[in-house]
Amino acid sequence: MFDGMTAETLARMQFAFTVSFHIIFPAFSIGVASYLAVLNGLWLRTRDQIYLTLFNYWKKIFAVAFGMGVVSGIVMSYQFGTNWAIFADKTGPILGPLMAYEVLSAFFLEAGFLGIMLFGRKRVGDKLHMFATAMVAFGTLMSATWILSVNSWMQTPVGYGINEVGQFVPEDWWQIVFNPSFPYRLVHMVLAAYLTTALVVGGVGGLHLLRDRADAAARRMFSMAMWMLILVAPLQIAAGDFHGINTLEHQPAKVMAMEGHYESHPDGAPLILFGIPNPEEKRIDYAIQIPKLSSLILKHDLNAPLDGLDTIADEDEPPVTIVFWSFRVMVVLGFAMLGLGAWSLLRRVRGRLYQDRWLHRAAIVMGPMGFVAVLAGWITTEVGRQPFTVYGLLRTSDSLAPVAAPAVAASLLAFIMVYFFIFGAGTFYLLRMMNKPAATPHLGLKDGPIRTAGITPILQTDSEAIPGK
Amino acid sequence: MFELSFIWAGVIAFAVLTYVILDGFDLGVGILFPFAEGEREKATMMNSIAPIWDGNETWLVMGGGGLFAVFPLAYAVVMPALYMPIILMLLALIFRGVAFEYRWRTHRWKLVWDIAFFCGSLVAAFMQGIALGALVQGIEVVGRAYGGGWWDWLSVFSILTGFAVVVGYALLGATWIILKTDGALQRRMQGLAWWLAAGTLGFIGVVSVLTPFQDPEYFNRWLNLPGSIFSVLMPAAVFIAAWALFAGLNAGKDGQPFLAALSLFVLCFVGIGISFYPHIVPPGLTIAEAAAPDESLLFALVGTVVLVPMILAYTAYSYWVFRGKVDPEEGYH
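Chains as they are written, first to last, in numbering that gives the first Met the number 0: chain A, 0 to 468; chain B, 0 to 332.
If we strip away everything but chain A, and leave its shape as in the complex, we get (with noise of 0.2 Å):
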């Protein structure tokens, strides 16, 4: 199946496969772990037992992503050293500590409170539950501040020295952990989380609506989700431009092949809405361009001179093509967020927010669209910055590890076959569990002994945790 492919193109698609698996599922569970929280807390607060339903709902939810969060997670950790060891040696130095924090402030926090968030509200108390609830969340927004700040440094590297043994040494680990692009990227992609959640949750809300428009728990979900999108996607459209212009100062190569700017436009460049890139002749086909509009984006003035990448050394240059589709479906989805947003507030503000069977079907369609946005910007950042793992200090092919072609061919076709079995189940069972009402007592096994002899959860055999009893 990979015959002929050298080591390292193979620990790229390696690296690239389990990567984009396992964003998706942070990408979900920071947003939800957040929601969680609030539930949890509108629930102590107005013992509105709708907020309760809808946590213990989400709970379960979140308890599967999670998982699969965790496991793929692991596997991150470990193939720096098993695919990419030269990288591993070279940075070390500076990317482990900034790791190790992420490890001891974020992980075991998340995992520490887990088991109290899912299994533990009977044991320790309302008080003690929101607390450990609020940790998970914060574990997750913490896991997302050091791993972007990694990230982020090998895009705009500072702060370090080289050594004698030609490794990466800290010198400011300040400017190191709030590296030029970090603040941006750390926005970027927690807003996107939120996003994301919301347009899962939305969806959900949408689809039990479009069944039965009085259930009160979908009505509240589907409401709180339409809120959030409504309030963030502009949020994220505004810091994905200043993220973009960031971009601009720091990594000018990877706007050139977002914006499609093979030349250089020295009075003024234009947007490129649509064209098919051409990398052999090094130029956008059939280009649908708007003059100018780039240049009033990226700087501010409709004149301003844009470089493009006629001035990059063919080397240096990133995979144009890929660049320019993930950039322009991450646009398109974040502009089509917005917009069903401005749909529900129209619908909400004429008090129709629960009758639009439309608006409900549009939510269903957008509800995977945050996990499409969020790859397609990991895609846009990641193949943007090639070839260089640290920007342009080391190369991608400096960096690969010294394994043979067909131990990272093998290990990628297992990673490839059992991620797609286990995600691919589970998956299935967490669209399984959305496709039942909010109110459902039981979100696991359908019938049989197990669920009235066996593990009866206690939490929905509690009078007050089944609305309207």
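Check before you lean on any hint, since a few could be wrong.
[To be verified] Partial selection, computed: residues in chain A whose CB lies under 10 Å from chain B:
(1) Ala62
(2) Val70
(3) Lys89
(4) Leu108
[Claimed, not checked] In the DSS-like style, the derived pairs of lysine-lysine whose C-alpha atoms are separated by at most 25 Å in a straight line are:
(5) B:Lys252 x B:Lys324
(6) A:Lys298 x A:Lys281
(7) B:Lys109 x A:Lys58
(8) A:Lys435 x B:Lys109
(9) A:Lys121 x B:Lys324
(10) A:Lys126 x A:Lys58
(11) A:Lys58 x A:Lys121
(12) A:Lys281 x A:Lys291
(13) A:Lys435 x A:Lys58
Just so you know, the hints here were simulated from the structure itself, not pulled from any lab data.
From the three backbone atoms N, C-alpha and C, an ideal C-beta is built for every residue, glycine too.
Once you've looked at the hints, dock chain B against the given chain A.
Quick look at chain B alone, frame taken from chain A:
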């Protein structure tokens, strides 16, 4: 200021040991899963570890991440050398990790996830044992990278340590279940634990005898001071732990067998430490050579000193919350 790297060697050793004893018993529960009779016992066994397995496994990330942070060269050399066992271990951990959630989400496929739980635990334990054996044999380093082939880890010795870890983890798992359950399941585990204890001690003996033959250096460390003190003390300590284990089992005690089994693991770990020191990757790479610059060590150490005690505190609290015998009725599914 070479002391920082030795403090860190201690921290990493602590993280790895914590991982081994914590995930050791929950992998052991997975290995013993086929001995559960009926759904109720399966639920009991799984629920005994469901709230804590995730935290236990985080110590593995701490071991890997910590090695990357403070001994990047060791990390960069060991991972390619142990490529296959590490990848297989990771894949096995995926299977068993998702089984905790998946088995409650389906009826027809429940058996599939039960098998995944068992096989995943078994393979993960076996691969960890193989990795240990391969490390003891020594890893070939050329320049600043791994210099051997991708099958070097496979040997009779590493297969032997693989089985040793499987049996040892199963012992930890059996004694954990004794601690957390009562009735028929507890009695069956008491019977099993007896055989597993005998097996573990047998493997400890065989591996201890064979280890010095992997590298003459190991001989010297055990026969010269200060190692020779341990050469006298270790067998005595192992003997006491073994006696406590069997006495606890025979007397039907709840906690004593688990604690005795844990101390056996601690002793073995100390023994490996004596063989290795001052190397981090035998036979060529020392702790000081593999260490990151002091700025990295210090920066990471500040956080470790503050956060690890907090982690231990809330981990202990979590165990406290879920103390006592497992009620198979309790769950959230």
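Each hint, compared with the structure:
no. : hint                : in the structure
1   : Ala62               : holds (6 Å)
2   : Val70               : holds (4 Å)
3   : Lys89               : holds (8 Å)
4   : Leu108              : holds (8 Å)
5   : B:Lys252 x B:Lys324 : holds (14 Å)
6   : A:Lys298 x A:Lys281 : holds (24 Å)
7   : B:Lys109 x A:Lys58  : holds (21 Å)
8   : A:Lys435 x B:Lys109 : holds (20 Å)
9   : A:Lys121 x B:Lys324 : holds (16 Å)
10  : A:Lys126 x A:Lys58  : holds (17 Å)
11  : A:Lys58 x A:Lys121  : holds (15 Å)
12  : A:Lys281 x A:Lys291 : holds (20 Å)
13  : A:Lys435 x A:Lys58  : holds (14 Å)
Comparing the model with each earlier hint shows no violations; every hint is respected.
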